[in-house]
Amino acid sequence: MTTTTDRIEKQIVLRATPARVWRALSDAREFGTWFGARFDDDFAPGKEARGKITYQGQELTILFVVERMEPERLLAFRWHPYAIDPAVDYSSEPMTLVELVLIAVPEGTRLTVTETGFDQIPIARRAKAFEMNAGGWAHQLENIARHVHA
Amino acid sequence: MFTRSVAAASKHGAPVFAALGDETRLRIVARLSDQGPMSIVRLTEGESMTRQAITKHLAVLADAGLVRDVRRGRERLWALEPSPLAVARRYLDLVSERWDTALGRLAALVETDDE
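Residue numbers (my numbering), protein chains in the order written: chain G, 1 to 150; chain V, 151 to 265.
Please note that the accuracy of each hint is not assured.
[Claimed, not checked] Straight-line distance between alpha carbons at most 25 Å, and here's what the computed SDA-like set of lysine to any residue pairs gives:
| no. | chain 1 | residue 1 | chain 2 | residue 2 |
| --- | --- | --- | --- | --- |
| 1 | G | Lys52 | V | Asp184 |
| 2 | G | Lys47 | G | Trp34 |
| 3 | V | Lys206 | G | Thr4 |
| 4 | G | Lys52 | G | Tyr90 |
| 5 | V | Lys206 | V | Leu227 |
| 6 | G | Lys52 | V | Glu225 |
| 7 | V | Lys206 | V | Met188 |
| 8 | V | Lys206 | V | Glu225 |
| 9 | G | Lys52 | G | Ser91 |
| 10 | G | Lys52 | V | Ser189 |
| 11 | G | Lys52 | V | Arg248 |
| 12 | V | Lys206 | V | Val245 |
| 13 | G | Lys52 | V | Leu259 |
| 14 | G | Lys47 | G | Val65 |
| 15 | G | Lys47 | G | Thr116 |
| 16 | G | Lys52 | V | Arg181 |
| 17 | G | Lys52 | G | Thr17 |
| 18 | G | Lys52 | V | Leu227 |
| 19 | G | Lys52 | V | Glu231 |
| 20 | G | Lys47 | G | Gln120 |
| 21 | G | Lys52 | V | Gly223 |
| 22 | G | Lys52 | V | Glu247 |
| 23 | G | Lys47 | V | Asp184 |
| 24 | V | Lys206 | V | Glu231 |
| 25 | V | Lys206 | V | Ser183 |
| 26 | G | Lys52 | G | Thr4 |
| 27 | G | Lys47 | G | Glu67 |
| 28 | G | Lys47 | G | Thr4 |
| 29 | G | Lys47 | G | Arg15 |
| 30 | G | Lys47 | G | Val13 |
| 31 | G | Lys52 | G | Glu93 |
| 32 | V | Lys206 | V | Ser189 |
| 33 | G | Lys52 | V | Leu176 |
| 34 | G | Lys47 | G | Arg29 |
| 35 | G | Lys52 | V | Val245 |
| 36 | G | Lys52 | G | Leu97 |
| 37 | G | Lys47 | G | Arg68 |
| 38 | V | Lys206 | V | Gly223 |
| 39 | G | Lys47 | G | Glu30 |
| 40 | V | Lys206 | V | Asp184 |
Bear in mind the hints are in silico, worked out from the structure with no lab data behind them.
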């Protein structure tokens, strides 16, 4: 079932050919440069690829499970979004599915990104991601209160 | 440059950030945070606005999952809602922002070479 909190979709028109965009998606090193990770492994359908991200001065390992690669058309992988708490073993938790779809358009390439499966992630984990990112919901409200009272 | 090409295609309701992008609504959230649930009458007292205008602002906040109305006896009160739904929606905003940033870097990468 698709709910309003399960899925996001993003679209961007890139002024580059599908071939060029495909290289930036399918080559793990190029992918890493814009995604913000350094991959040790190549992407291949059905294979895992591990990468490193730096978060608040700590180096963390991220895992992609590449599902499908259709040149100049589709890259699909699963991962654990916001798996940024080094104290947590995320391996037993559900992964979200990311699909990057390319379509040639007169301006270049339209890239559509969908990420689904957020509702399978425990709500406490989702709250934690926010907490780590911005200091927590309560903290956020305190900031707002301070801002308004200032 | 990046914003021109990114459609804000988030599928959930009014994003939290947009809901809070208004001084009156920020003030409402702050007052509910400081003083707890209150009626629309009390909320309107502190504002130089009609009750109808405050009601519209509350509707925007409610749509973003930030506040909800609760019944206390015969009274209808408005309260902050740090509910699972609010968390879930806010989480999507975070993920969405992360993609915006990454796609901006992707555009910079593929649009500046191979020309």
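Of the numbered hints stated previously, which ones are contradicted by the structure, given in increasing order? 1, 6, 10, 12, 16, 17, 18, 19, 21, 23, 26, 28, 29, 30 and 33
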